[in-house]
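Undergrad: Put chain B on the given structure of chain A with help from the hints.
Protein chains in written order, with full-length UniProt numbering: chain A, 1 to 323; chain B, 1 to 323.
Hints were generated in silico from the structure; no laboratory data involved.
There could be a bad hint or two in this list.
To be clear about the criterion: a stretch of chain A counts as covered by chain B if any three or more of its residues have a C-beta under 8 Å from a C-beta of chain B, and this derived list gives those stretches [as the list claims (entries may be wrong)]:
#, stretch
1, 116 to 126
2, 258 to 266
3, 271 to 281
4, 300 to 312
PhoX-like cross-link-like pairs, simulated, lysine-lysine; straight-line CA separation at most 25 Å [to be verified]:
#, chain 1, residue 1, chain 2, residue 2
5, A, K3, A, K57
6, A, K313, A, K295
7, B, K181, A, K147
8, A, K242, A, K147
9, A, K193, B, K102
10, B, K295, A, K181
11, B, K147, A, K179
12, A, K95, B, K313
13, A, K95, A, K111
14, A, K313, B, K102
15, B, K313, A, K179
16, A, K181, B, K181
17, A, K193, A, K179
18, B, K313, A, K102
19, B, K95, A, K181
20, B, K179, A, K179
21, B, K193, A, K181
22, B, K95, A, K295
23, A, K147, B, K295
24, A, K181, B, K102
25, A, K313, B, K95
26, B, K95, A, K242
27, B, K313, B, K295
28, A, K228, A, K147
Far from chain A by the CB rule (all over 10 Å, computed), these chain B residues [to be verified]:
#, residue
29, A45
30, H93
31, P137
32, G152
33, E175
34, L188
35, L202
36, N213
37, D271
38, E275
39, K308
Every residue, glycine too, gets a C-beta built ideally from N, C-alpha and C.
Protein chains: 2
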Amino acid sequence: MTKVAIVGYGNLGRGVERALAVNSDMELVGVFTRRAPETVATEGALVFAMADLIQQKDKIDVCILCGGSATDLPQQTPELTRDFNTVDSFDTHAKIPEHFAKVDQVAMENKTVSVISTGWDPGLFSLNRLYAESILPTGTTYTFWGKGVSQGHSDALRRIGGVADATQYTIPNQEVIDKLKAGAQLELTTRDKHFRECFVVLEEGADPEVIKNEIVTMPNYFADYDTKVHFISQEELNRDHKAMPHGGTVLHAGETAPGVHQVIDYTLKLDSNPEFTASVLVAYARACARLANEKQCGAYTVLDIPPKYLSAKTVEQLRVELL
Amino acid sequence: MTKVAIVGYGNLGRGVERALAVNSDMELVGVFTRRAPETVATEGALVFAMADLIQQKDKIDVCILCGGSATDLPQQTPELTRDFNTVDSFDTHAKIPEHFAKVDQVAMENKTVSVISTGWDPGLFSLNRLYAESILPTGTTYTFWGKGVSQGHSDALRRIGGVADATQYTIPNQEVIDKLKAGAQLELTTRDKHFRECFVVLEEGADPEVIKNEIVTMPNYFADYDTKVHFISQEELNRDHKAMPHGGTVLHAGETAPGVHQVIDYTLKLDSNPEFTASVLVAYARACARLANEKQCGAYTVLDIPPKYLSAKTVEQLRVELL
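One chain only, chain A, in its complex shape (with noise of 0.2 Å):
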C-alpha cells in the first residue's frame, strides 16, 4: 500500500480524496491543511493542522500537494522535498525550469523524489507533443483548449469595478480543428483559435455597455480574441455555470512523403477539471513512490518517467493485456 498525505484542501485536494478511492493499492492517511482543522468538511478523510505533519513523517509515502501554482507551490514544493517525496501540478508554464532545478536540488541533497507540474497541461498534453513530434519530427503541433472554463480569464472578468461574479469558457475554433485533422497546413492567429465566451452579473445601478466594452479590449485576456458577452443574473449563474468542465485537443499534423498526411489526435473531454488533474496527480504518486523505492532521488517531470511505473499492474500483466 502507498500512504498518501493531501497538503490542501480545495476543489483539486477534494478530488485526491476521490481519485484515492478508487485505486485500491493507495491509502490516504489524512488531510494537511492551514486552515483551522474542524472547519474543513471532507468526504471522511482525518483532517490535521499542517503543523502536524512532519510529525507523521513515518507514515507518509507521499505528499500531494494541492496548492496553486501562484503562491503555494513555488514555496510548498521545494520545502516539503527536504522531508517527503512530493508530486505537485505547478503550471506556471515558463517557471517550470525554474521550479524544476530548485525541487531537483532539494531532492538530491535530501535523498527523495519529487515529480513536478502533472496533471493534463503540463502533463498528458506535454507528453503527447513530446511523442507526436519524436515520430513525426517535421510535423506541427497545434494545442486546442476548451470548451472549459478559464479561472484566469473568471478571476479576470470579476476584477473589473461593477462585475459582481462571472464565468469566462474558452471555446475551441472546431472549423480550424477539423481543417487541420484532414491534413490541411495552416498559419493560424491567436483569434483564429479560440473563442471566448462571458457570462457576467453586473452590481446594481452598472452600465452593460461599459462593462462590456472594458472586457472585449481588456490587454492579454480578451483583446485579441472574438469575445461574447451575456449578462444574466446570479442565480441563472449559480445554477448554469458553477461546474468546472474543461478539456482540449493536442493534433500534430505531418507528412511522410509529399502529400501523405498523418495526424495524431489526442482529445480530453472532462466533466470537471480538478478531479481529472487529481487522477493524475495520484497516478505520478504511484510512479513517485516507486521511484522513492528505488532510491531514484530527484525531481522529474511526467516526460522521465517510464510509462508502466503509472499502473498499479506488474509489468508482465501490462504486456500480456495491453500490448
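TA: Showing chain B alone in chain A's frame:
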C-alpha cells in the same frame, strides 16, 4: 549520430528509409536483404546481402527489423539481438510475452538492447491504454480500428477460389464512437463496433453471388460483422484501392464521481500505415541506442521506456518547449 541498418525492404523498410531522412541525428548505413541486392530499388540507400550484416557490425548502432510477424521476426529478432541492438514491430498480440521472454534472454546474455512490438498497435495504442487506465482505473477502454485497409482480411479474400484480387476496409462505427465520447456506457458486440467493406475483382466466369456468400459467412474474418461486397475491375482496384491508409481510436471513458464523465480520446488518421509505423520504429531506434549507450541491456516494450528517450532534443529543451 545514431547509425542504423534496415533489415528487410518492403513497404515498411522503405518507410524507415524515408523517416531516417528527416531525422538529422540518424544515419542510414544501408539496407540488408535476403534478395539479390541488385534487384532491390531503394530511394538512395546502399543495398547489401544479409550475409554482409555481421561484417559491418562495428558500423551499426541499431538494426531496424522490417520483416513480418508471422515468420520473419520470431526468428530474426532473437537471432540478430545476439550481435546487434534491435527494434521490431512484432504485432502478433497473443505471442508478445513469449517473444519478449526469448529476446530478453538473448539481450541479457549478449549485453544488447532490443525494443520489441513498436508501431501503433501494439505501440502507441498500448501506451494510451496504459496512461488512460492508470489515471481512470474504474473506466472502460475501447479500441476502434480504421477506416483502413486490413492486410489480413484482404489476404483472406484473395485466397477464395474465383477471386483475382481484393482490398478490405475495416470501418469503425462512428455513431457508437460519438455516443461513447458523449459519456455513454455501452455493452458492445463485435458487430456493433466495426463494419467491413470489400472491393473484389473476380476471375473470368466466377459467380458473384456464390463468392459474396462465401465472404459474408467466412468465420473469424467476416461472419461476425456487417459486410458489404463490391465487385469491381482490376483497373478500378489498382486506381482507387491500392493505397494503405489506416488509423483508429483508443477511447477511455470513466467517471470521477457519479455522473461526472471524463473522456480520453487518442485518434490516428494515417494516409500510409507502413510509413507511420516506420516513423515510430525510427523514434524507438533512437531510444534503443541511448539505452545501449547507458548499458541498460535487455528487452523493452514501449511501456518501459521514458518518453524523453524518443526525442532528439535535450531534456532541458523539452522542459522549456513542451511542459
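Undergrad: Please go over all the hints and tell whether each is borne out by the structure.
TA: Checked hints:
no., hint, result
1, 116 to 126, "holds (count 4)"
2, 258 to 266, "holds (count 8)"
3, 271 to 281, "holds (count 7)"
4, 300 to 312, "holds (count 11)"
5, K3/A with K57/A, "holds (11 Å)"
6, K313/A with K295/A, "holds (21 Å)"
7, K181/B with K147/A, "holds (14 Å)"
8, K242/A with K147/A, "holds (14 Å)"
9, K193/A with K102/B, "violated (49 Å)"
10, K295/B with K181/A, "violated (41 Å)"
11, K147/B with K179/A, "holds (18 Å)"
12, K95/A with K313/B, "holds (20 Å)"
13, K95/A with K111/A, "holds (24 Å)"
14, K313/A with K102/B, "holds (22 Å)"
15, K313/B with K179/A, "violated (29 Å)"
16, K181/A with K181/B, "holds (17 Å)"
17, K193/A with K179/A, "holds (12 Å)"
18, K313/B with K102/A, "holds (22 Å)"
19, K95/B with K181/A, "violated (34 Å)"
20, K179/B with K179/A, "holds (23 Å)"
21, K193/B with K181/A, "holds (22 Å)"
22, K95/B with K295/A, "violated (34 Å)"
23, K147/A with K295/B, "violated (46 Å)"
24, K181/A with K102/B, "violated (40 Å)"
25, K313/A with K95/B, "holds (19 Å)"
26, K95/B with K242/A, "violated (50 Å)"
27, K313/B with K295/B, "holds (21 Å)"
28, K228/A with K147/A, "holds (14 Å)"
29, A45, "holds (15 Å)"
30, H93, "violated (7 Å)"
31, P137, "violated (6 Å)"
32, G152, "holds (18 Å)"
33, E175, "holds (17 Å)"
34, L188, "holds (18 Å)"
35, L202, "holds (31 Å)"
36, N213, "holds (36 Å)"
37, D271, "violated (5 Å)"
38, E275, "violated (4 Å)"
39, K308, "violated (5 Å)"
Going through the hint list in order, the structure does not satisfy hints 9, 10, 15, 19, 22, 23, 24, 26, 30, 31, 37, 38 and 39.
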